[in-house]
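Protein chains in written order, with the working numbering: chain A, -5 to 985; chain B, -5 to 985.
Where hints are given, some of them may not hold.
The list treats identical chains as one, so a pair stands whether inside a single copy or across any two.
With a straight-line Cα cutoff of 30 Å, these simulated DSSO-like cross-link-like pairs (lysine-lysine) come out [as the list claims (entries may be wrong)]:
1) K403 / K715
2) K320 / K211
3) K88 / K734
4) K416 / K312
5) K733 / K587
6) K915 / K312
7) K715 / K521
8) K320 / K107
9) K272 / K654
10) K403 / K320
11) K312 / K107
Simulated from the structure, these hints should not be mistaken for lab results.
These are the residues of each chain, in order.
Protein chains: 2
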Amino acid sequence: MAALSPRLVAAVLCLLTGVLTFPLGPDSERPATCGYESCHATKANMLNVHLVPHTHDDVGWLKTVDQYFYGDRNDIQHAGVQYILDSVVDQLLKNPDRRFIYVETAFFYRWWKQQSSSMQQTVKQLVNEGRLEFVNGGWCMSDEATTHYSAVIDQMTMGLRFLNETFGACGRPRVAWHIDPFGHAREHASMFAQMGYDGFFFGRLDYQDRDRRMRSKEQELLWRASDSLTPPMADLFTGILPNGYNPPTGFCWDQLCDDPPIRDDPDLEDYNVDDVVKRFLVIANSQAMVYKTNHIIMTMGSDFQYENANLWYKNLDKLILYVNAKQASGSRVNVLYSTPSCYLQELHRANLSWALKTDDFFPYADGAHDFWTGFFTSRPALKRYERISNSNLQTCNQLEVLGGPASRKGPFGEGDSQTLKKAMAVAQHHDAVSGTEKQHVANDYARRLAQGWQHCQVVVSNSLAALSGSSAERFYCDNLNISVCPLTESSKKFSVGVYNPLARPVSWSVRLPVNGTAYVISDPKGKPVDCEVVPVSRATRGVRRSRGFAVNELVFQVQAPPLGYSTYSVSLLQDGPPPAPTHHRTPTAIQNKFLRVTFDPDTGLLSSLSNLETEQSIKLTQNFYWYNASDGNSESNQPSGAYIFRPNSSTPFIISEFAKTETVQTSVVQEVRQWFAPWVSQVVRLYADSRALELEWTVGPLPIDDSLGKEVITRLDTSIKSSEFFYTDSNGREMLQRKKDFRPTWNLKQTEPIAGNYYPINSRAFIKDDVDQLTVVTDRSQGGGSIHNGSLEIMLHRRLLHDDARGVGEPLNEFSRIFPEGLVVRGRLLLSLDRPPAAADTHRPLAQEVVLQPLLTFTHGDPSPNTRLEFSGLQAALPPAVHLLTLTQWDPDTVLLRLEHQFQSQESKVNSQPVTVNLQKLFSTLDVLGVSELNLSANQWRDEMTRMAWTPQTDKMTSPPLKTFRGHSSTWEVTLKPMEIRTFLLRVSVR
Amino acid sequence: MAALSPRLVAAVLCLLTGVLTFPLGPDSERPATCGYESCHATKANMLNVHLVPHTHDDVGWLKTVDQYFYGDRNDIQHAGVQYILDSVVDQLLKNPDRRFIYVETAFFYRWWKQQSSSMQQTVKQLVNEGRLEFVNGGWCMSDEATTHYSAVIDQMTMGLRFLNETFGACGRPRVAWHIDPFGHAREHASMFAQMGYDGFFFGRLDYQDRDRRMRSKEQELLWRASDSLTPPMADLFTGILPNGYNPPTGFCWDQLCDDPPIRDDPDLEDYNVDDVVKRFLVIANSQAMVYKTNHIIMTMGSDFQYENANLWYKNLDKLILYVNAKQASGSRVNVLYSTPSCYLQELHRANLSWALKTDDFFPYADGAHDFWTGFFTSRPALKRYERISNSNLQTCNQLEVLGGPASRKGPFGEGDSQTLKKAMAVAQHHDAVSGTEKQHVANDYARRLAQGWQHCQVVVSNSLAALSGSSAERFYCDNLNISVCPLTESSKKFSVGVYNPLARPVSWSVRLPVNGTAYVISDPKGKPVDCEVVPVSRATRGVRRSRGFAVNELVFQVQAPPLGYSTYSVSLLQDGPPPAPTHHRTPTAIQNKFLRVTFDPDTGLLSSLSNLETEQSIKLTQNFYWYNASDGNSESNQPSGAYIFRPNSSTPFIISEFAKTETVQTSVVQEVRQWFAPWVSQVVRLYADSRALELEWTVGPLPIDDSLGKEVITRLDTSIKSSEFFYTDSNGREMLQRKKDFRPTWNLKQTEPIAGNYYPINSRAFIKDDVDQLTVVTDRSQGGGSIHNGSLEIMLHRRLLHDDARGVGEPLNEFSRIFPEGLVVRGRLLLSLDRPPAAADTHRPLAQEVVLQPLLTFTHGDPSPNTRLEFSGLQAALPPAVHLLTLTQWDPDTVLLRLEHQFQSQESKVNSQPVTVNLQKLFSTLDVLGVSELNLSANQWRDEMTRMAWTPQTDKMTSPPLKTFRGHSSTWEVTLKPMEIRTFLLRVSVR
């Protein structure tokens, strides 16, 4: 659809001729006065109340996204977005003063393509006149705690691209709008700043924080969202909305509300105009007490409201009429239809200085015992599936570009990346990957991802066929984590293609389920590769159920070039009995050339970790525990649930003091397999070439026969003197310091000693002291904390028996047809021990390897003779500091490229330096004919991106305008400073 | 408002010039193709499915009428009629194929007057094009069981007049539409026929009746609704809707429903077009099996639906598109937007003969133990208040005419009859006088009636001032039933004006609360009048609470001329001790010159009744009982409630075998005061000049300490050999025969021996044998039955502890601030004993005297010297058979007059004869300058009223067209045949 829009072709032509303007829609003869120019006048000497009609449309929550769109399953929740948009457009047409904002492009897109061209014209006019304004404008309103920046940027790009192509400049949102997410990530603010938003509004923050900010009038502030980027590059003006995102009490006129309408016919009963006006003035004046300017905003709408917009607008028209009529008798309150950007413009005009904030808004609590820190871990399987899907999508995107047009229509039929792009985009929603949706909706997200991946597999197969010259059918094994792959289990001869989506070569350990006991493997050059056959672990056999019967795994190390693949040939050498039995006695230690890990032979638990290169060593014990989920107590009836984490005691139950162990020790891998309970086991694994220790945990089904909800953690207890500090990443990028029972911006009264110290861990967390830093890289978003000195705990899985009364209406109790007794979840933690100043040199690349993992494809038999067995899409690997974040087809002749400096400033002596890349010499198979730089979300030329300047209270220096970036696009050499992401549209031709 | 519309003045001018056309609206240049001409084409060789979008808007039920209009109190029920009409108009404009019907003019009127003139123009165009069609069109959809024909005709007239004046001919409904009332009265059908409706549709009938009719395809029938009127004058084609008034299962697309919308975007999940079409075809074909023609109707709507009409229409548009698209592949089903009149037209074109029905549709049961016979009595106080209010309104209307323009603006300020007219009109709603509304809504109806009466009191005072020549302030005593009237209680000298709204002189007993012991009274000619002072009864003292302290009542007989008044002067003669104590021993008998009543001295109960003129005598015992309301049992969990009557045993509990008695015997009145329990008492009263025995019952507060719901009846057990027959009136007019455990039209399987034998009694019931007829005239609507031979029971009061699950959501448990322990209700039954062939000669006038009772007004002191003490608005009394049903101001120069023959044919040897009245010689103070006859509802000239002719199956004779009435309007002499009502618009001038 949009990807082939003729107007985008026009955009590319503009690019070539140097006219760097995104085109308006084809119907833009009428001069547009949208955006700030279309705002209603305000009154300087009055309190101006900006009424913002809006709807909050979850892209899936209690119902699936399509059920919400159509208004299906209204028995679950009354909500139908198709009708909302129908109705709002109708009502906007009735009175040119009226305004509406729309947020979620996933829904708007669905609606738009069903409209007649005359309706589309009508809507364009409304947009061009600023009567319908898009805010935020991503495909969804992403979660901030559990999303990875890579997928967030993608979903924002997709939504904003649709708006840009459909409406031109008037469709470009000026304001970011995250009214519902459950706490706010600094990295999100940084991204929004780099996407060109002038300001950001949200609804939820800690109740103590809000109280303080109300008292000090700091509900509007300037958020400096990066330690590395030069201000104001990541500065974002941030406003906290007065009432969440709801209307003030008594003024909700949606069909979903019960507030009295304005009854202004004196001939009928219950005339209430005087009462309504009086109540409104009281609320407006009291709201004005906690904000700085003579402008206040009121959000007139809520979840799925405006399905019958007439109710709202009819009463709002009357409210404005009757409240403003009081000005004739001396009232100093002026009410108007407005939008967030019009409100923002007035705040900007006030020319004040604003409180500066440099930390984030986690964790979020809406009461003393109501910490929304459970969803950091909720639905761990979905969270992992989303992360793998992102990896698969990036691979799909890259191969679509590298393979050329044949990727979309090749020997394996028509494939597309759009399906998975859309599935990933909806999965970023704050009730999707967050795990706070109903079970059937979680199933729908997973199904969409699976379907998207099916479409992408065709692209991948086509592309690899083009690149390799072989049309042999490729098979995909998506269940390798449980040692299931029909082809490798049964085939005597097969090849393995390993595609590496990173811009540097990777070496990686492959584990394939097999039934033989000896194999020979050769690399792309025909060189033999060391391999070992090890028995499949008990835990894996337990969770596979009837989906695979391999008894062994074939383990070997592979290497793949940057943005390229290597092909390995595998031949069965020997069928026969399973390999030698494993040792049932815990070894004292396992080690490779980088690490040494010791175990306590009495307990079977880890006892120390040493880095042999740096010659550092720490005590390290690790075990599994569960918090007993509260089901309410005398202090509060709040139970743990999908959103809320509330243990009923600060002391978790230990699952077992001892682990039963088995050991596998081979030349390529060493494993200590630990068994704590029928529902908790772990493999401590050290590959021969790895600088990280792998802990592969398997948890579930959590037993609930005792009617106790359980929240399972693993805890690492070390000798590191962490002094109550620990560190977590923000959306997979910059690290934030956390301190126990402490918030940087207010005097915390801690009321939940565990839940109140939990933070989201998207990709890593670490503890450190002057000499040692233990970093844990996760394979998905999880919650965690450091409750004791030297200790780091990570929540792995949760099973709860009560709903936590935040709307989802289900206990988080996952089970399925395959897991009727409860979901079993498996994952990996990667541990690295380093000297603090050099730790990032390890964990940055390590985490990227987990995020973008090699994709394995399989073919039967030997490769055909002329097959190209090795390929790299790059002319050379990018420097270690540079991450290729995005490479995706944009239009037939253009690709979107994002390069990222993946180190923070100060983080690494080696890598925290500016680095330069030549775009023209980047690709091995593509000629880059032209380049132009875009903002982060790719909806505006970078040198046209001007943002409002805001003055922080504590910063004397006037920030330089962002114009410093102009001119970058005129050269092939691009320089990346720490934590910088630069976005380019490249005109390319396949060589 | 409408009363002064310039267009109505135009109508009167037409009348004078002989152009007997109701004018269209002023904007009717565009040729109108409304009504039958605007119907969509159907397909002769297919099954045509008429989709009728509609909303059912109760004029008060769970919320008050104005709460419903505005959408206030949506916490009780989501419903806002203002938005419904907004939305429907918007949606009709989007597609000219769409249709909508609107029913309740009380709501439409409220909406209309708030619209801009451009919106009014738009709506007129929709009406003129038949896209918006009014059906039924009365002010409300009246109840059929508990309403009196007089008030029903008034409310229909008011609603239809508004439509006529606003929209002209295109606004005139062709179809009556009573989709919700709980059973159907024959008199309603008769009235609808006489109002010119071509057909009638309803939704509720006995489930056994429906089953039989479905099997025999008799759900569409011809109802011959009068025994007296010549067919087809009261013939009404009647259709029973297929699904109540709801859409078929699975096809409800309102915001209040949860059925899946049509999901026709193949790119989204859950595409369901094929499934929807398939399900629809199954339903359509199965519905066609139980109807006669190749047309079927589907009611696409329900209670307060279409508030967001887009949901309905968007899906209906798709349904029509996709179902009809199947015709290309052989489907024989054709779906179309339609209206009841378009559907009716197709039935008429089918030219079939239809089953003939001559009884009614009471009682209504929707299950074996679910007889809707409780509401016949529910809220007895409201039912009585409504009936008194009708009497007051007719008096107000008459005096507004007779007093001339000064009535509306006279010495006492501006008065109006509109307020009470509207209050009475809404009170006719099927959840108003029926007693099936929530308590707060019942209070609202009563408040409206009280407010209306306040406005009317000004009219009455002004008019009487004009007619009498005295501007002395008039006082009204609305609490005489509990012996409260501050003026008479305290004044030593006062006059009493007695206005008689009947067209014949009446003699009436007056009872005034006083504190003196002796008075002299003189009539208008100065003649002394016999009077007596009797002590206020214990029962009255018990219920008055703090609202009056009179110890005595002054009783005397008054007479008042037709449509006129008499003034009586009253002077205190003697203060002092209360009158002689009453006899505490029950007398053997009381009697006057007409009747003799004996008592059993052992029990204090009645024992016989004799008519001394006819020399007939029956055994008669009477007592009070209560049924124990079921709260569900093993057969059915149905409890008794506001709608449903379900005793848990067929044997009621007797309240007391014995009555304690007191006796008052004076020359003007004799009373035996019976005391059965603290909550049941009665006065058996015989006035000197009365042919009826009065039983004044006082019941309440019903005790509920025992947690048993109670339904109190009085039962008359006689020696009459009634053979399981008894007789009840239909809406106060024609009598219907009832038989125990029997229905005339189907083979009844009786499942509720008491509730299933209850019928509505609006004004009277009787039992008879060959020689004796005992008639009971009631003062309000009540339920009753004849369970045993010779027995007649009437339910007086109900107090229930459970809701009966028909939506009202409250137990019928009436109490109030004044009656915190439960409502006390007082009423009167009037008994007459006659020979059957002459009984109507007594009960017809007797019942009219109860319906239109004299109005008493009071002035302090003596009348001023030139006061006219006596007046009649008529030149002469009308003949006994003729009742002046309506006399009300229409426009400044016109009045509406209805004359009624109040006897059935065959009912009376004397009175069941045609009778002729001369309209020109009717009034004493008005000259009648012109006359034109209208249909019953006054919205069409009588000689223009052409109705569709329908052929009954059992009637060989082809009915003559109604044209026989043409020409009546050209002569002053009008002849009334039994049960005929004739309606005239008179141009008058005050003499």
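Problem - In rising order, the numbers of the hints this structure does not comply with - result: Per hint list: 1, 3, 5, 6, 7, 9 and 10 violated.
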